[in-house]
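What follows is the residue order along each chain.
Protein chains: 2
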Amino acid sequence: MSKMETATDITEVNDGSIITPIGFKAAGVYSKVKKKRRDLGVIYCDVPASAAAVYTLNKIQAAPLQVSKESIETEGKLRAIVVNSGNANSCTGKQGLADAYEMRNTAAETFEVPDHHVAVASTGIIGEKLNMEKIVPGIQSLQPQSDFEDADQFNEAILTTDIVKKHTCYETTIDNKKVTFGGTAKGSGMINPNMATMLSFVTTDAAIEPEHLQTALSQVTNKTFNRITIDGDTSTNDMAVVMASGLAENDSLTPSHPEWNKFVKALEMACEDLSKKIARDGEGATKLIEVNVKGAATDEEAGKAAKQIVGSDLVKTAVFGTDANWGRIICALGYSEISLDPDTIDIAVGPVVTLKDSTPVDFSETEAKAYLEQDTIVIDVNLNMGTGTGKAWGCDLTYDYVRINAGYRS
Amino acid sequence: MSKMETATDITEVNDGSIITPIGFKAAGVYSKVKKKRRDLGVIYCDVPASAAAVYTLNKIQAAPLQVSKESIETEGKLRAIVVNSGNANSCTGKQGLADAYEMRNTAAETFEVPDHHVAVASTGIIGEKLNMEKIVPGIQSLQPQSDFEDADQFNEAILTTDIVKKHTCYETTIDNKKVTFGGTAKGSGMINPNMATMLSFVTTDAAIEPEHLQTALSQVTNKTFNRITIDGDTSTNDMAVVMASGLAENDSLTPSHPEWNKFVKALEMACEDLSKKIARDGEGATKLIEVNVKGAATDEEAGKAAKQIVGSDLVKTAVFGTDANWGRIICALGYSEISLDPDTIDIAVGPVVTLKDSTPVDFSETEAKAYLEQDTIVIDVNLNMGTGTGKAWGCDLTYDYVRINAGYRS
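Line order of the protein sequences matches chains A and B.
First residue of the first sequence? That's -2 in this note's numbering, and the numbers climb one at a time after it.
First residue of the second sequence? That's -2 in this note's numbering, and the numbers climb one at a time after it.
Be careful, since some hints might not be right.
[What the hints assert, rightly or not] The list that follows gives simulated cross-link-like pairs (lysine-lysine, DSSO-like), each with its CA atoms no further than 27 Å apart:
#: 1; chain 1: A; residue 1: K353; chain 2: B; residue 2: K126
#: 2; chain 1: A; residue 1: K366; chain 2: B; residue 2: K353
#: 3; chain 1: B; residue 1: K353; chain 2: A; residue 2: K91
[As the list claims (entries may be wrong)] Distance windows between CB atoms, simulated:
#: 4; chain 1: A; residue 1: G90; chain 2: B; residue 2: P348; range: 19 to 25 Å
#: 5; chain 1: A; residue 1: I160; chain 2: B; residue 2: Q140; range: 54 to 60 Å
#: 6; chain 1: A; residue 1: Q371; chain 2: B; residue 2: I122; range: 21 to 27 Å
Bear in mind the hints are in silico, worked out from the structure with no lab data behind them.
Built from N, CA and C at the ideal position, the CB exists for glycine as well.
Bound-form chain A, shown alone:
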C-alpha cells in the first residue's frame, strides 16, 4: 500500500474512543484504592471478541499478566478487560495471584461471562497487596455504557502519574464496510517497553480470528509501543491488548486478504498515536521528542538507533534546556551498537541542520533555540549508508521528573 492510499483511506476520528467500534462499552469508577480520582474500569464487548496481547519482557511479571495470558490462551476471545490503578499487584506472591484470579472471577460473575473471557490488568505501586475489600465491590458496581463519557471515565481510571487521559480513534473501509479502531493507554513512568508496553487497550469492530490479530499486533508493537521510552525502565506490568468484535461484518481478515495491509496500517496508526500521547505525557515532560533515523543498514538498526537517541538522558536534558547539542545526539548514535560510518552522518534538529557528512555546520543558535521552545521536537538523522528507516518517541527530562519520582510512594 502506498503512502497516498494510507493518507486517503484511513481517517482520524477526532471524537472517537474505545467505544466507537461497534459492540464496545466502557465504565470507570472510584473504588477508593487511590486517594482520589477513578481507579477501576472495564472495557466490555457485547460479543466474544477476538483477542491478542503482548506482555512485558521483564522476568518479574505481575500476577494480572499471568491471569490474562491464561484467559487469552484458552480460547483467544475476551468479553471484558478489568483494570485497576493505584496498585500494580506485582511482587505480591501467591496472595497476589489469588487476588488477580478473584478480580477475574468477580468480573465474570458480574458480567455473566465465562472466566476465561475476562482479562485483568493492574498498574501502580509494586509490592503491596491489593485491597480486595474495595476492589470486589468496585468491580460489582461497574456498569459499562457506550457513551464517550463512559469511555473517558475508563481512560481516567487507568492513569497513575499521567496528567492527561489518552484516547485515539481511526476509521477505514475493508470490504466496503466501515471498520473502526479505538484506543486508550496509560503511561508516564517506568516506560521502556520491549515486546510490550505500559497499559494500552485497542478495540476494533473488524472481523478477524485471534491468531491473525496477534500477528498484526506483534508487528505493529515493534514499530509503535516498543519505540517509546520515558526513562528506560521496563515495568513488570506492561501489557497491550486488542479486542476485535467482528461486528463491522467485513470478510474475516488474514494476511492474504487484499486489504490486510490497510488493516495493519490502521492498527499501527492507532497504536502510534497512543505511543506519542504516552511519550508526550511522560513524567515531568514538557515536550514530545521524535527521532527519525534513515540511511541505516536495516529498519531494525534505524529503530534501535532512534530509540537510543531519544532515550539518552543527555539528549533529553538538552531538549529541556532548548540546546541544539548535536554532540550528545551523535554520541548516543555511536553507542547504539548499530553499523555506521563515522564520516557520513547528517543531523538536523527540526529545520536546523547541525551536522552534514559528520562535519559541524555553522547554524543559527537563535533559530535552533526558537525551534526547541516548541512542544514537539523532531530530530532527523541520516546515516547515508543504506535504506533502513525507523522512528522513536520520548520526552524531555526535567526537574519535575525528579520531583515526581523522588516522592512517588509517599
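Since chain A is already given, all that's left is putting chain B on it; use the hints.
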C-alpha cells in the same frame, strides 16, 4: 590470594597521588581554553614506562583516542600523557585529527621524547575545533614536577563538570620491593563506560612488560570502570591509561609471577577507588550508590544486574528521595536480562531487609529513611540461585543533574 592477605598486604596511601610511584612527575596549567580553572596537564615519566590502555566502545571515537592508540601500539611505552579539558576534540573531522597529532608533536618536542612516547586525551564539548593557538603554548609551558601539589594541579586540569579532584594511591610489596600505584580520574557526566571509561590515569613503579600490563588492566577494568554509570551515556572520549615505570625494581611481572594476583588486586583497588570517586561526583549527585548482587548464575550476570539496578533512573530518584522503593529495584533486576528465579529474591537497603524470598518484609520506614539520608547507600540483592557475585556503583538522580545538563553548552 585470600582476602586476609589482601587486607594486610595492600595499603591505601592517604596522601599519595600519581606522582608517588617512583619516576613520575606532573603539571597542570591554565591555557585559557576554559573560562576559568586549569585546563591542560601532563603526566611525565623519567623513563619509558610500559603502557596499557582501554578505550570507549562508542563507534564515534574522538581524534585523541586514535592518536594515543597509535602511540601505544608502536612500542607499548609512554613518557608523557598530555590532557586538555574544555574541548573533547570529538566529531572535528580531519582538522581534529591534525590537531591531536599537533598536541602530540608539541609535547614530544617540549619533553624531548619520541612522538610515539606521547599519548593525548581531551574532554569537554563535542564538535568544536580545538583552539591550537592556546593549546600549543600551553603545552610548551608545562613543567612537570614531583610534588603532590603538581599532581593536584594535573588532577584539576582534567575536570569538566566534576566538583572534586580525584586521586588514589595504594602500596604493596612485590619481591620484597615496595610497589606503589597512583591514580587520578575525571568523570561527572556522559558516563556508562564499556570496556573503557571516562578519563582515568594510573601510574605505578612496578616492573612489567606492556602486554602483561594490558592483561591486568583489561581484567581490572571489567570489575571497576565498567561497573559505574552516571547517566547511561557512553562518551566518545573515554580512556583509561596505566603507565608502569619499572623503577620499583621488582622482578618483571607476568601471570606466572608468584605475586601476580597481588599486583592485579592492588591495581584493582586503585581503579575501584577511582571508580567510586567518579560515581560519587556524578553530575548533581548527593550520594554514592553501591549495588552488590550475589547468588547469581555467574559473576558476569551478577555484575550486569548490579549495573542495571544502579543505572535505573527510578532507583536513582528513589534514593535521592530517601525512599526504600524496592519495587523499582526488583523491576530493574527483572529487565536486566539475567537468569533469575522470580520467587527466591532477597533485597536489603543498607541494614533494612525489604524483600525475603520475593516476599515483602514489613520494615521500618523510619529506619530505612534514616539510612537513605546518609551519603553512601548500599543495596544488597541475593538471587539465591548460584555463586556469582558482582558490584556496581552509581549515584542518585537529582534536580542538579537536570540543571547542569539543560545548560551545559551555554
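Against the structure, the hints:
With a C-alpha separation of about 16 Å, the suggested pair A/K353 and B/K126 falls inside the 27 Å cut-off, and the hint holds. Restraint check for A/K366 and B/K353: not satisfied, since their Cα atoms lie roughly 51 Å apart, outside the 27 Å limit. Between B/K353 and A/K91 the CA atoms are separated by roughly 14 Å; this keeps the pair inside 27 Å, and the hint holds. The hinted range of 19 to 25 Å is satisfied by A/G90 and B/P348, whose Cβ atoms lie roughly 24 Å apart.
The beta-carbon spacing between A/I160 and B/Q140, approximately 59 Å, falls within the hinted interval of 54 to 60 Å. A/Q371 and B/I122 have their C-beta atoms about 25 Å apart, which keeps the hinted 21 to 27 Å range intact.
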